[in-house]
Amino acid sequence: MSSASEMMGKVRDTCPLVHHITNYVTVNDCANMCICAGGSPVMSDAAEDVPDMVRIASAVVLNIGTLNPRTVESMILAGRTANEVGIPVVLDPVGVGATPYRTETAERILREVKVSVIKGNHGEISVLAGLGGEVRGVDSRSSGDDMSEAVARLAERTGTVVAATGPVDYVSDGRTVAVLSNGSAMMSTVSGTGCMVSSVVGAYVGACGVSVDSVAAAISVVNIASEVAVSGRDVSGPASFRTMLLDSVHSLRPEDVDRLIRRE
Amino acid sequence: MSSASEMMGKVRDTCPLVHHITNYVTVNDCANMCICAGGSPVMSDAAEDVPDMVRIASAVVLNIGTLNPRTVESMILAGRTANEVGIPVVLDPVGVGATPYRTETAERILREVKVSVIKGNHGEISVLAGLGGEVRGVDSRSSGDDMSEAVARLAERTGTVVAATGPVDYVSDGRTVAVLSNGSAMMSTVSGTGCMVSSVVGAYVGACGVSVDSVAAAISVVNIASEVAVSGRDVSGPASFRTMLLDSVHSLRPEDVDRLIRRE
Amino acid sequence: MSSASEMMGKVRDTCPLVHHITNYVTVNDCANMCICAGGSPVMSDAAEDVPDMVRIASAVVLNIGTLNPRTVESMILAGRTANEVGIPVVLDPVGVGATPYRTETAERILREVKVSVIKGNHGEISVLAGLGGEVRGVDSRSSGDDMSEAVARLAERTGTVVAATGPVDYVSDGRTVAVLSNGSAMMSTVSGTGCMVSSVVGAYVGACGVSVDSVAAAISVVNIASEVAVSGRDVSGPASFRTMLLDSVHSLRPEDVDRLIRRE
Chain A
9 MSSASEMMGK VRDTCPLVHH ITNYVTVNDC ANMCICAGGS PVMSDAAEDV
59 PDMVRIASAV VLNIGTLNPR TVESMILAGR TANEVGIPVV LDPVGVGATP
109 YRTETAERIL REVKVSVIKG NHGEISVLAG LGGEVRGVDS RSSGDDMSEA
159 VARLAERTGT VVAATGPVDY VSDGRTVAVL SNGSAMMSTV SGTGCMVSSV
209 VGAYVGACGV SVDSVAAAIS VVNIASEVAV SGRDVSGPAS FRTMLLDSVH
259 SLRPEDVDRL IRRE
Chain B
9 MSSASEMMGK VRDTCPLVHH ITNYVTVNDC ANMCICAGGS PVMSDAAEDV
59 PDMVRIASAV VLNIGTLNPR TVESMILAGR TANEVGIPVV LDPVGVGATP
109 YRTETAERIL REVKVSVIKG NHGEISVLAG LGGEVRGVDS RSSGDDMSEA
159 VARLAERTGT VVAATGPVDY VSDGRTVAVL SNGSAMMSTV SGTGCMVSSV
209 VGAYVGACGV SVDSVAAAIS VVNIASEVAV SGRDVSGPAS FRTMLLDSVH
259 SLRPEDVDRL IRRE
Chain C
9 MSSASEMMGK VRDTCPLVHH ITNYVTVNDC ANMCICAGGS PVMSDAAEDV
59 PDMVRIASAV VLNIGTLNPR TVESMILAGR TANEVGIPVV LDPVGVGATP
109 YRTETAERIL REVKVSVIKG NHGEISVLAG LGGEVRGVDS RSSGDDMSEA
159 VARLAERTGT VVAATGPVDY VSDGRTVAVL SNGSAMMSTV SGTGCMVSSV
209 VGAYVGACGV SVDSVAAAIS VVNIASEVAV SGRDVSGPAS FRTMLLDSVH
259 SLRPEDVDRL IRRE
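Chains as they are written, first to last, in our numbering: chain A, 9 to 272; chain B, 9 to 272; chain C, 9 to 272.
No lab work stands behind these hints: they were computed from the structure. A couple of the hints might just be wrong.
It does not matter which identical chain is used: a pair holds within one copy or between any two.
Below, computed lysine to any residue pairings styled on SDA-like, alpha-carbon distance capped at 20 Å [stated by the list, open to error]:
#1 K122 to I84
#2 K18 to R78
#3 K122 to D21
#4 K18 to R144
#5 K18 to E142
All of these numbers come straight from a predicted model, not from anything done at the bench.
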């Protein structure tokens, strides 16, 4: 088992190409966050282009934030191609539970693609785990009582690593559950911090393989960077926080990670 | 009648869900501005998803900045669903008058959907009011002589609240006209400040109902925040201004609004 | 021949309308960069809208970053309309060489549209010039040995001005080659700096006509601004660099350009 800081070094050294089919709301932040974390992002959603791009990638991120029938087909195609060539697939089921179309699409992707990692907020993961949870638009409003149970149950049922992010983050492969408690409250004031974390997860599993540790490392790095960001003098609100978050992920040192990480 | 600062409090307290079908150029700024103003943004444009999302929303914003036949149909569907469930619809007719397709689409939406608020720049509102006006690309180049007349006439004809934003902002329901004169000249140096205002209008009418006062309050809050933003030491150009504008909307205090508001 | 600083003044004075069909990843930065450089950006990709918008524009930028069959048809339509009305067409062949669909699309656009300027990174231009080069995702990984030969050969074969941007930039019309060596290394840490440069090229050729000088001036202005940006105290990483880059393009003075420009 490598430490989070060692994995951070591996991502930066190997610069994994992360193919995204994602929403048009937060896509730019995902691209820049992926770069800041050490990855190389590419976004492409045409069926004519996707399989060839996936074949040169190290990981695929599927994010259903602004899904439509054309891009859902491309997500299935990207996922199946990733399965063929043996690279990990990260699913961010944005808004699942808020509408039937989102729920059906997430379930369809899980049925037709061998997903490696499911990363959602507490509400989304509770919904997928069948434990209730409430999703309003694309925000988590409430969760089932026990997120540890939710991530473990969903991971076991789907054979994936599952991460539920929020004030506290839970990551499980169905056997163990990592509980992560880094992160600034400012994270929830910026649109798409969850999407950005999914892109970083893509980079980490692309470079370090799929495990509770690699997924937890990705989440910890962004959350620790958010703490470093707000500790500076330059944050006056959500927009300056976003700027400093990206910069902090880029400049984060291994010793910062080792010193600040809070994982049980 | 509530004051603008009281309405600001109500938006922040109730966090209205604002469903957007909007352009892909400025969508991220709209999402973040909506959050900074106290709302909860969601963007979704697939016909398969739109009605269910609209049913849980407090307001709908339709912005034709990068319209195409698929999303225009979704806008009609979103608008009709909003009409069914009785939530307000804000139309931002971006670029109307610049091309026939934009003009026809804006007119079609006004015909097939009961729109609550039309919010455009001076040129766009002049065009829709039938008073001339010139729109070049998506920018207002000139307006008819009397924007007071334009907003009042268009409001009366369409049964909506109409807002024309620019160096001076005019808001009318066909009976009265509010004239707003806050705002920094930097607003015109950033792409999409008009779109961002429309998102804030969505949050305000979603939380406070549709009136000249609620629409004027939304515009005033953004414009006052723009004055606060440029008064700081951190603005060196359009991009840093945008950062500080978002932060200022987020941190604006009721007493700032009361002290700085300029409305006749 | 006008100097780069004189051309900068002409763009700012005439505010050319630049029509874009571009990717949804970096489109907001392209819009804001175009404004900062003195242009007026418009983005529209529906076949129903494109010809009318192109007819009022000064230049067209086609960027295949997130291409799909619908938008490719719109690019062809935009390019042909631009040819009819006699305005320049800038092609940014993002990711050409990485996948067959991108390569075929770039070649199709070059076959069916009279392109004025091809602007890519070293890898993309090497691929199009038939000199090897390697493109990984949308990043240049390596180039043929001699970029001077690549730009000159591709320019001669296609009858365009060709620019290959990277640590050193090469611009050629097939007869002469300008070699530009401004620019901060931070440029490569932000997603879409290449796309932003293409938007500025659109503004410059729209205002000043198509020549090695106007294309080189656009590239030099952005690169000199990047040097000014990093010389300030406000850059702590990629995201704050992007903010300062945009601000610096907006505030750049003619004397800065004259003093700092490095062109052979």
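Now for the hints, and whether the structure bears them out:
1. When the C-alpha separation of K122 and I84 is checked against a cutoff of 20 Å, the pair qualifies only within one copy, where the shortest distance is 10 Å, while the shortest distance between copies is 37 Å.
2. For the identical chains of this complex, K18 and R78 are neighbours neither inside a copy (35 Å) nor across copies (39 Å), given an alpha-carbon limit of 20 Å.
3. Taking CA atoms no more than 20 Å apart as the test, K122 paired with D21 passes in neither setting, with 28 Å inside one copy and 42 Å between copies.
4. With identical chains, the CA atoms of K18 and R144 are at most 20 Å apart between copies only, with a shortest distance of 19 Å across copies and 37 Å within one.
5. Taking the closest pair of Cα atoms, K18 and E142 never come within 20 Å of each other, the shortest separation being 37 Å inside a single copy and 23 Å across copies.
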